[in-house]
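Under my numbering, think of the first position of the sequence shown as 47, with each following residue one higher.
A few of these clues could be false.
Taking lysine-lysine and the PhoX-like style, the derived pairs with C-alpha atoms no more than 20 Å apart in a straight line are [stated by the list, open to error]:
(1) K717 <-> K544
(2) K312 <-> K406
(3) K289 <-> K245
(4) K69 <-> K161
(5) K293 <-> K456
(6) K462 <-> K418
(7) K544 <-> K659
(8) K335 <-> K65
(9) K72 <-> K165
(10) K276 <-> K260
(11) K203 <-> K609
(12) K544 <-> K513
(13) K606 <-> K202
(14) K462 <-> K367
(15) K312 <-> K544
(16) K161 <-> K70
(17) K72 <-> K61
(18) K72 <-> K119
(19) K121 <-> K70
(20) K161 <-> K72
(21) K202 <-> K609
(22) K635 <-> K659
Computed beta-carbon distance windows for the label pairs [what the hints assert, rightly or not]:
(23) K609 <-> W698: 47 to 55 Å
(24) P502 <-> K609: 34 to 42 Å
(25) K535 <-> R265: 45 to 53 Å
(26) T102 <-> P502: 47 to 55 Å
(27) V484 <-> R265: 26 to 34 Å
Read the hints as simulated data drawn from the structure, not as lab findings. Since this is a predicted model, take the numbers as computed values, not measurements. Where is the CB? At the ideal position from N, CA and C, for every residue including glycine.
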Amino acid sequence: MSEFLVIVESPSKAKTIEKYLGKKYKVVASMGHVRDLPKSQMGIDVTNNYEPKYITIRGKGPVLKDLRAAAKKAKKIYLAADPDREGEAIAWHLAHMLNVDITSPCRVVFNEITKDAVKESFKHPRPINMNLVDAQQTRRMLDRLVGYNISPLLWKKVKKGLSAGRVQSVAVRLIMEREAEIKLFVPEEFWTVKGDFAKGTENFEANLHAVNGKKVDLRNEEQVKEIIGKLTTNAFTVDDVTKKERKRNPAVPFTTSLLQQEAARKLNMRAKKTMSLAQQLYEGIDLGKEGTVGLITYMRTDSTRISETAQKEAKEYIETKFGQEYVAVEKKKDTNKGKTQDAHEAIRPTGTMRTPDTMKQFLSRDQYRLYKLIWERFVASQMASAILDTVKVSVTCEGVTFRANGSVVKFPGFMKVYVESNDEGVEEKDRLLPEMSVGEVVYSKDITPKQHFTQPPPRYTEARLIKTLEELGIGRPSTYVPTLETIQKRGYVALDNKRFVSTELGEIVIELILEFFPDIMNIQFTANMEGSLDKVEEGIENWVKVIDNFYIGFEKHLEKAEKEMREIEIKDEPAGEDCEECGNPMVFKMGRYGKFMACSNFPDCRNTKAIVKEIGVACPKCKEGQIIERKSKKKRLFYGCDHFPGCDFVSWDKPIARTCPKCDDMLVEKKLKKGVQVQCVSCDYHEEQQM
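Can you make the complete structure from the sequences, with help from the hints?
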């Protein structure tokens, strides 16, 4: 019989930990939370200090029965859920259900699932931290008070099945306001002028910078022609050469949001997938003879702090692999200090010596790619700064000045391992300029003016929205993914080309909440509420007071909304065609997976059809059909002939309604990292990239 019972959340975590603890320990999984507020009612007594009513979660009865049976046989019970608010709350609920004294040393936490870390944590068990529990309860109850009060109001006034959330509503508002900015945006024309220059046999590029010593702002073609007209010769004099040494520092190790952003940019991963893979790497990977080991530290964190042990191991690796000069001279500072909960470390590998190459054989393709990203970012963060030699050269003719910038990596430092993707030049390449001195003459080979138009602010990608929420102080590491998932499931926003757009339904709901519940939609108010939750966690504020401060004002807004909120009928939009089965008009409906067509005679007629979107291009294969937008099983957009299966033409790239001027074959819009380029599918013809 096992003397000690250890309860964690997941079976994979249980399996890893049990191997480290020995025969005296039995490790089992609670499968997450075992009790929660009821789904069928509010579950909060607002007249009695917001007393919550917890019930066993449906389906968790057998799990609890097994846990109670195991608890009766154990001499001591340890609760080892994740080291955050949610984990503390799970431990507290388990303690309540299993009659464990929460003031006894029953709680065990570890930031990484390695043999040494787990064994060390069991030497220092502690009581359950009620400040952490209260912070989690407060968030849960605030969200319940908002959702369970506003949602029925929306059902009554707008449409059944709608719901509202505290953080989610602000996220939808951000997306909606960005969409409004894009619609109101008026493009402005501007021009740039590039010059191709030569000094002897060496060539370089420079851009128009100034005229008669004043920086130019080119707004139309006439200005450009006037300036170029000044150039009566192609001989330019070098009038300034400035050389500097520039230091470039490595990026900090990953926090949750930074990991989600970088995985989106470099690996093209959705935030949900990133966190799922990170969870697997944290809970443990079977490394053959070494056994099951957690490869990364806990992945829900907003701290960039690194333990001294991890820093020392990284230093040893860097020194051995690259040399002493590549080791960071100064101890890296936590740039986020004062802005974070700092509950645990940054996301890092549990062992620097477990390089991605040595781990590859044990990991799936995506696990390997994410582990490599985390490992490289951490190691680079502990390396010396890169040193670049930069040079700025100005060449002038008839008062018209062009400027060229060049840089050479003098010492790569951290760039040997990793360069942050949003830096200039992910693949940092030398931009060499010929050796020049003031007074020398260089010659222009070509002067090329180019017209541009200002672009509207970009729609939010998942990465950009997470970054914005974090900058505004809205949400915390554990809330970003659920927030994004929820607003999509509710149909308030949709993803178009991996960018969020607000739906008509989302705009109606947000405008109503904005009118009657301004605090909920106020970005600063929501950010301040997150600050209050942090203070509850730190034991500075009382959780009842935090909820009370919110609910008193919210209740008044609720009473006003009940009386004054107008009823809005969302009419079905006519689809412009009749039902093939009964002859009644078809209408557009909004479903779980977006818009579709349905018969207006529902429920008597249940005919539905997918919406076919033509792009105005004839099929290049059969010459009879039209190209339409289609979606794969994984919801990826592609293009095919509407005569399918008679015609099997398909293309991942969007065909356009003109042919290649070189070979007369099909032209398509190819999506690149930073815009779209028109290309031929057969020859090398391509047009200038559009942002």
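**OP:** Return the numbers of the hints above that this structure violates; sort them in rising order.
**Re:** Failing hints: none at all.
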